[in-house]
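Q: The residues making up each chain are set out below.
2 protein chains.
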Amino acid sequence: MASDGFRPLDEKSLVEYIKATPSLSSKLGNPLDDLQIKEVGDGNLNFVYIVIGHSGSLVIKQALPYIRCIGESWPMTKERAYFEAITLKEHGHLCPAHVPEVYHFDRTMSLIGMRYLEPPHIILRKGLIAGIEYPLLAEHISEYMARTLFFTSLLHRTTTEHKRAVAEFCGNVELCRLTEQVVFSDPYKVSQYNHWTSPYLDGDAEAVREDNTLKLEVAELKSMFCERAQALIHGDLHTGSVMVTRDSTQVIDPEFAFYGPMGYDVGAFVGNLILAFFAQDGHADPQNDRKAYKDWILRTIDETWNLFHKKFTALWDKHKDGSGEAYLPEIYNNPQLQLLVKQKYMKDLFHDTLGFGAAKMIRRIVGVAHVEDFESITDAGYRADCERRALDFAKMLLKERRKFQGIADVISAIQKVHT
Amino acid sequence: MASDGFRPLDEKSLVEYIKATPSLSSKLGNPLDDLQIKEVGDGNLNFVYIVIGHSGSLVIKQALPYIRCIGESWPMTKERAYFEAITLKEHGHLCPAHVPEVYHFDRTMSLIGMRYLEPPHIILRKGLIAGIEYPLLAEHISEYMARTLFFTSLLHRTTTEHKRAVAEFCGNVELCRLTEQVVFSDPYKVSQYNHWTSPYLDGDAEAVREDNTLKLEVAELKSMFCERAQALIHGDLHTGSVMVTRDSTQVIDPEFAFYGPMGYDVGAFVGNLILAFFAQDGHADPQNDRKAYKDWILRTIDETWNLFHKKFTALWDKHKDGSGEAYLPEIYNNPQLQLLVKQKYMKDLFHDTLGFGAAKMIRRIVGVAHVEDFESITDAGYRADCERRALDFAKMLLKERRKFQGIADVISAIQKVHT
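Protein chains in written order, with the UniProt record's numbering: chain A, 1 to 419; chain B, 1 to 419.
To be clear, the hints were calculated from the coordinates, so they are not data collected in a lab.
Among the hints, a few may not be true.
Calculated cross-link-like contacts (lysine-lysine; reagent style BS3-like; alpha-carbon spacing at most 27 Å) [unchecked claim]:
hint : chain 1 : residue 1 : chain 2 : residue 2
1    : B       : 395       : A       : 395
2    : A       : 403       : A       : 311
3    : A       : 215       : B       : 395
4    : B       : 395       : B       : 344
5    : A       : 395       : B       : 344
6    : B       : 342       : A       : 342
7    : A       : 395       : B       : 347
Here are the simulated distance ranges between beta carbons [as the list claims (entries may be wrong)]:
hint : chain 1 : residue 1 : chain 2 : residue 2 : range
8    : B       : 339       : A       : 189       : 15 to 25 Å
9    : B       : 344       : A       : 289       : 41 to 51 Å
10   : B       : 339       : A       : 347       : 46 to 56 Å
11   : A       : 321       : B       : 199       : 47 to 57 Å
12   : B       : 339       : A       : 382       : 49 to 59 Å
13   : B       : 213       : A       : 396       : 26 to 36 Å
Glycine included, C-beta positions come from ideal geometry on N, C-alpha and C.
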């Protein structure tokens, strides 16, 4: 046991821990002696146990003081579990339908006990690779993003509430640094962590490192990420942080949460859908050319933004006379000005979304952490073709984002890429 | 005495306090029994005592738990003295030539003991009203701004240092709220605190409140003020926060300091010089038409920005391989890209400067706190004419700021205003 009281659990010690913790044991039902326990952490950072008892189930997630997939050579504060837990609670309070309930948090042990998202829940990314349509996905994720981002911004908060919360989440600095490195820095320089489908993309990776215009724009996005405390963002809202069934959408893993730019969350989700789109050709087979599925992805991108826009501005309308200090009603109380203000805000947020989304795409192709959408394409040459189309699109999107008037323009641009 | 140990000092108890505090008494020389003490606080917020002893002098500044000029009806945390003290120390460390030395800080008493800026130091604003030229002013203030802003930004800081400091200064929220109210909100709505030269400017004040384009732009500046932690800014860098002689320039009163947009500081200074320019006609007399002095003010505005630009980018060049995490050398190490990056950064900072500077001008004409530059013009009709020219110029500057390519364009625009 470390001097701070932290000890990594294994399946055996986990049982003892659960037995000693009523907020966990009460969820499982007696007797507790034949719990089924399975370690399923497929992420990069943590141990995750599914625990199934006689009359209930739960998930235990424990953060370790390093990045699991790289090992103890890359230390990473286990305090991230604290920020994950308080974000799950806050986002869950704001949007209970799409955030799993937290039953227990132990800061010393960096351990969260939470709802087990039972089958047929799967990671959205795996569903996208399998070609499964989720008809409610755009509706649900837009609800999650609109509510969590609106209610934690100065559109709803007072300055006093905002600054207190910003200060607290400044403590999640190590995870912010990790993002800065792997999203905004490493892909644009030579780094031991970078990799790509070599040799096919060697020239493409080099072109990213030598593209001055791209690097100029990435600097602006990085500054916004580091400096702009706009809302409590999830911080890692890719398609691997969402679990789905046909009827349910659940956002998990907000350990990167902090007060940052809203467009980083919306962009992460949209960018990863675009990656899924460009990977589809690699998953086509004689029985399924994936053409219809690609159309569904594009419709989902379109609906995600449009529904987000609609819900976010509806929340704004509903709470325009509320406590938010950004646009005081005594100043912005005429309909024409309200419209102008919202148009400007949403236009800026749209362009931030495209910029961050594109940056997230690029880093998944030439940076340290890739996505299964492409990695599961076994023919390297074919995979590289898919990745190159995604990379070229992302570079264009990042550099030209301010020229896009709406999401329909983005969809058209994707469709114009020859696949 | 309040339960927290705070007690406001008067001239008598101040002597006892000094006697009991070696870091203060040692500056004055023995005997301590015939100290000369004078209360000189002409600001809005605090008590300020000049203390002169046998062989030395100092200033004691004590914050009270309300805004002095309005009284106990407007409470204001005395913790602001803490943020003032740590900012004086940090800015003083970065630019000792232009920040008075702090000898002593007592958090319980909200009391700062610091260097007395001896005669002929006067408040710059009073010098500008008197028509006195300060040939080194632009050189000095640009040095102060370049060094304090550069070294507290991510151009020099690591993310870890930055987030720690941002979190701490989130504690100065009450002063941030005060700025939000008096600079970005009250002038644009009906408020009991607003006043203006009535009836002359009644229509002008109303026009400010009904100018949708202006309010749209002010909202963007307010968001940046609330959300963007770019550097440790002074937060109130008008010409009343600077003491000068012909050879010396000293920046005082950083109690509004926090991590905010750099343009807010540069804009405050430039905007108040522009106010001083438009007030000059009100100070002209048969002996001095102030034409030459107006030219000096314009030259000083021009030099302030250009020297700031030069010094700030020189610091950037000098430290481009340093610890700053915004532009990593491995990514931004080619001369062409470095130039592009700096041009973009400085262009954005220039436009922020104009926007914030204009907002600071507007609030001094139709908001709660006016400036002596105009208030000392006794003929109300004539004062209103001067104020209206300044107000109209500020509205244009705020709305059109992105069209200005450089400070020379601003000077030309000022010169084109018929006075």
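Q: Taking the hints in turn, state whether each one holds.
A: To see whether the hints hold, each was checked on the structure:
1. B:395 - A:395: 38 Å, violated
2. A:403 - A:311: 24 Å, holds
3. A:215 - B:395: The hint is violated at about 35 Å.
4. B:395 - B:344: The given pair, whose Cα atoms are some 25 Å apart, holds under the 27 Å limit.
5. A:395 - B:344: 19 Å, holds
6. B:342 - A:342: At roughly 31 Å apart (the allowed maximum being 27 Å), residue 342 (chain A) and residue 342 (chain B) break the hint.
7. A:395 - B:347: 24 Å, holds
8. B:339 - A:189: 15 to 25 Å: 19 Å, holds
9. B:344 - A:289: 41 to 51 Å: About 44 Å separates the Cβ atoms of residue 344 (chain B) and residue 289 (chain A), which means 41 to 51 Å holds.
10. B:339 - A:347: 46 to 56 Å: 29 Å, violated
11. A:321 - B:199: 47 to 57 Å: 32 Å, violated
12. B:339 - A:382: 49 to 59 Å: 41 Å, violated
13. B:213 - A:396: 26 to 36 Å: 33 Å, holds
In summary, the structure is inconsistent with hints 1, 3, 6, 10, 11 and 12 from the numbered list given earlier, while agreeing with the others.
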